[in-house]
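K.L.:
Each chain, written out:
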Amino acid sequence: MRTRASGRTVGGLRSLSLQAPAVTLLLIWMLIPLGMTLWFSFQRYNLMMPGMEQFAGLENYEYLLTDPALWRAMGTTLLLVGSVLAISVIGGTLLAVLYQQEFLGRGVARVLAISPFFIMPTVSALVWQNMMMHPVNGVLAWLMGLFGLPPVDWFSSFPLLSIIIIVSWQWLPFALLILLTALQSLDDDQVEAARMDGAGPVAVFFFITLPHLKRAISVVIMIQMIFLLTIFAEIHVTTSGGPGLATTNLAYLIYLRALLEFDVGGASAGGVIAIVLANIVAIFLIRMVAKNLED
Amino acid sequence: MATLRLKQVAKRFDDTDVIRGIDLEVNDREFVVFVGPSGCGKSTLLRIIAGLENATSGDIVIDGERINEVGPADRGLAMVFQSYALYPHMTVEDNMGFSLRLARVPREERRAKVLEAARVLQLEPLLDRKPKALSGGQRQRVAIGRAIVRNPSIFLFDEPLSNLDAALRVQMRIELARLHEELDATMIYVTHDQIEAMTMADKIVVLQGGVVEQVGSPMELYHHPRNRFVAGFIGSPKMNFLPVEARGVTTRGVEVTLPGGGVSEVAVNGAGSRTGEALELGIRPEHLLLDEQGPLAGRIEVIERLGGQTSLYVRMDDGIVTLTADGDVAHAVHDRVRFGFEPGRAHLFDGQGQALESLQRHPLSELGRRDSRADPEAGA
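So the sequence lines, in the order shown, correspond to chains P and C. Counting the first sequence from 1 gives a position; the working numbering is that position plus 11. Counting the second sequence from 1 gives a position; the working numbering is that position plus 52.
These aren't lab readings, by the way, just hints derived from the structure by calculation. Errors might be hidden in some of the hints.
Distance ranges between label pairs, derived from CB positions [to be verified]:
(1) Val122(C) / Asn290(P): 33 to 43 Å
(2) Val113(C) / Phe114(P): 28 to 38 Å
(3) Leu45(P) / Val157(C): 57 to 67 Å
(4) Ala301(P) / Asp126(C): 38 to 48 Å
(5) Thr192(P) / Arg64(C): 47 to 57 Å
(6) Ala301(P) / Lys290(C): 51 to 61 Å
(7) Val213(P) / Arg64(C): 30 to 40 Å
(8) Val222(C) / Pro32(P): 52 to 62 Å
(9) Glu356(C) / Ile297(P): 51 to 61 Å
(10) Gly93(P) / Asp126(C): 37 to 47 Å
(11) Phe114(P) / Glu121(C): 22 to 32 Å
Going by beta-carbon spacing under 10 Å, a handful of chain P positions derived as facing chain C [said to hold, decoys possible]:
(12) Glu64
(13) Gly102
(14) Leu105
(15) Gly149
(16) Asp164
(17) Gln195
(18) Ala204
(19) Ala205
(20) Arg206
(21) Asp208
(22) Gly209
(23) Val248
(24) Ala262
Straight-line Cα separation of at most 35 Å, DSBU-like style, residue types lysine-lysine; simulated pairs [to be verified]:
(25) Lys290(C) / Lys59(C)
(26) Lys302(P) / Lys165(C)
(27) Lys182(C) / Lys302(P)
(28) Lys182(C) / Lys225(P)
(29) Lys290(C) / Lys225(P)
None of the values given here were measured: they were computed from a predicted structure. Ideal Cβ positions, reconstructed from N, Cα and C, are used throughout, including at glycine.
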């Protein structure tokens, strides 16, 4: 046990008892749902067959892990998360540099650029579905018509790409907001020193701006990853996971199992797999972020 | 070889004139210090020379070539910033070699140049550290090293010592003077600290409100300030100013009536002054002498004993006069003292604050920090 300079021990009985309520509450908050999910995942439990619950062993897992839909959904999840992350981080960095420049109406432009983040996911999905990507009424179809191109039915021709576009549109402002704030803390003297050293705008970006943003970028990646792993509303509103399984991610697969097939056991097994996946990602992520924050 | 000329350089920000038409000449290998109170435009002037700001009008000429339109990187200058502006994610070596890396200098050559600069600045053991792991003085030296590596024609320093503590500042001051000697380069140095200016400069440029008040060697500014502002700004503690009245002009100077009725002579050219004209007498604390027969009198209000010297703050009828006396003066607070001065040590300023010309030039007033008469170039 460490001791403070004053000689009092850290983590003594008194401080432990003061921390206990919060820690206990958090534990209950986490352990009960986790325990229930684990419990259900070992049960044969279908809502259509009440009273038939019984212990199933690893049957749910066996069924799930041999189901090609799971692997497809995992792939979709990773592709969705990866693409949105790439688009929002790269786009956000470039936009942040752009909005850092002085120009007329910069304040208004910044607010406009950040506003998609304030729109709730279901609404933005509906807006994209009915006003942007609609093959008849959509702005994109109209734009393509201007060039004499046939309209595209986005959600049936490029379902996953459409979802990626919608989700990126929502999350790019978040990356922009964080990165713009980080950019404002960049010391002007450093940029000027680099200019005196012979760095042009591109060299300043790669040698000064980007290293300065490294920490903020890793924070953006971590926070976005947490939310992007569980994307649901955009898929539910637009494609309902289809066509086929083209846009079914892990979260949506669990929903399909639990609330369309009423297979609570199978869905719980899916939930456990999602937890494992999230933890694997988290381990890599936290290592990366921790290393960045150390520097 | 590097000379710099400014011709009528002016700078406007929106509606404010920051620099109002400055003419200046900086000779090869000269150490020039821009000094002035904050907001006088000295940093802006340096940034204009560096190319980080554009001059609104006027010409900037380096070695006979007008460089107004040349970018900061291509002017062959290097600048040391007040905040050091080190690149936090690079090691000391990478910081110093950054300009060479951008210029695509091969790795071996780059390393050799960085090592050479590190040797001059005694930075060799720190080359692998990041700026975060350095002390203030070390960061300062890395910033200077980054400038040296570029081998610039002119070094620019923007208040480089103001973030250091007092002891370190004295040490770095000496180190910079030594560096100037060793590199034999032209340097322009901005500071608000007149002690830095006095100790390092070959030539001081005193700026106020975007105008050059006076240019000259440190001793010239000290002994022959052109006006009341320069007189008050150069020298520490500050020069005392007393209202006096001209009594008459003689061949030895101007006779003035001092506050309290005493009469004294000041060795300046009084050709333009009338009898009865209100003038201002300027006298430095170190030139006031305790003297039982002196023409000035007052009561000591505060005594500061520094050991070697003692500062007396003497209350006169219209204000406090500072007097620097020997460390052994036995006076105590509330004593009445009489004091005077040598006629050649005092200055007179007219109603516009302009100095009346001294009858005798001080023998050291043409001397820079380096004796220009002993310039190695003259012999070589």
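K.L.:
All hints, please: hold or fail.
P.N.:
For each hint, the structure was consulted:
Hint check: Val122(C) to Asn290(P), Cβ distance near 57 Å, so the stated range 33 to 43 Å is violated. Val113(C) and Phe114(P) have their C-beta atoms about 34 Å apart, which keeps the hinted 28 to 38 Å range intact. Separation of Leu45(P) from Val157(C) is about 59 Å and conforms to the stated range, judged on CB atoms against 57 to 67 Å. At roughly 42 Å, the beta-carbon separation of Ala301(P) and Asp126(C) lies within the given 38 to 48 Å, and the hint holds.
In this structure the hint that Thr192(P) and Arg64(C) lie 47 to 57 Å apart at CB is violated, the actual value being about 32 Å. Judged by the Cβ atoms, the range 51 to 61 Å given for Ala301(P) and Lys290(C) holds: they are separated by roughly 56 Å. Between Val213(P) and Arg64(C) the Cβ separation comes to about 31 Å, which falls inside the hinted range of 30 to 40 Å. About 58 Å separates the C-beta atoms of Val222(C) and Pro32(P), a value consistent with the hinted range of 52 to 62 Å.
Separated by about 60 Å at the C-beta atoms, Glu356(C) and Ile297(P) satisfy the suggested range of 51 to 61 Å. Range check, Gly93(P) to Asp126(C): Cβ separation about 43 Å, and the 37 to 47 Å hint holds. At roughly 24 Å, the beta-carbon separation of Phe114(P) and Glu121(C) lies within the given 22 to 32 Å, and the hint holds. Annotation: interface hint on Glu64(P) violated; nearest CB of chain C at approximately 58 Å, more than 10 Å.
The beta carbon of Gly102(P) comes no nearer than 23 Å to any beta carbon in chain C, farther than 10 Å, and the hint placing it at the interface is violated. The restraint placing Leu105(P) at the interface with chain C is violated, with a minimum CB-CB distance near 20 Å, outside the 10 Å limit. Taken as an interface hint, Gly149(P) does not check out: its beta carbon lies about 45 Å from the nearest beta carbon of chain C, beyond 10 Å. The interface hint given for Asp164(P) is broken, as the beta carbon of that residue sits about 48 Å from the closest beta carbon of chain C, more than 10 Å.
A cut of 10 Å between beta carbons decides the hint on Gln195(P): the least distance to chain C is about 16 Å, and the hint is violated. This hint holds: Ala204(P) has a C-beta 4 Å from the nearest C-beta of chain C, less than the 10 Å allowed. Against a cut-off of 10 Å between C-beta atoms, the interface hint on Ala205(P) holds, since the closest Cβ of chain C lies about 7 Å away. Against a cut-off of 10 Å between C-beta atoms, the interface hint on Arg206(P) holds, since the closest Cβ of chain C lies about 5 Å away.
For the restraint placing Asp208(P) at the interface with chain C, the shortest Cβ-Cβ distance is roughly 4 Å, inside the 10 Å limit, so the hint holds. Given hint, Gly209(P) at the interface with chain C, holds; its Cβ is 4 Å from that chain's nearest Cβ, closer than 10 Å. A least Cβ separation of about 43 Å between Val248(P) and chain C goes past the 10 Å threshold, and the interface hint is therefore violated. A cut of 10 Å between beta carbons decides the hint on Ala262(P): the least distance to chain C is about 37 Å, and the hint is violated.
Among the hinted pairs, Lys290(C) with Lys59(C) is consistent with the structure: their alpha-carbon atoms are about 32 Å apart, no more than 35 Å. A C-alpha spacing of about 32 Å is found between Lys302(P) and Lys165(C), which places the hinted pair at or below 35 Å, so the restraint holds. For the given pair, Lys182(C) sits about 16 Å from Lys302(P) by alpha-carbon distance, which is consistent with the 35 Å threshold. For the hint linking Lys182(C) to Lys225(P), the alpha-carbon distance of about 16 Å falls within 35 Å, and the restraint holds.
Proximity of Lys290(C) to Lys225(P) is assessed by CA-CA distance (about 50 Å); at most 35 Å being required, the pair is judged violated.
Violation of the numbered hints given earlier is confined to hints 1, 5, 12, 13, 14, 15, 16, 17, 23, 24 and 29; the remaining hints are satisfied by the structure.
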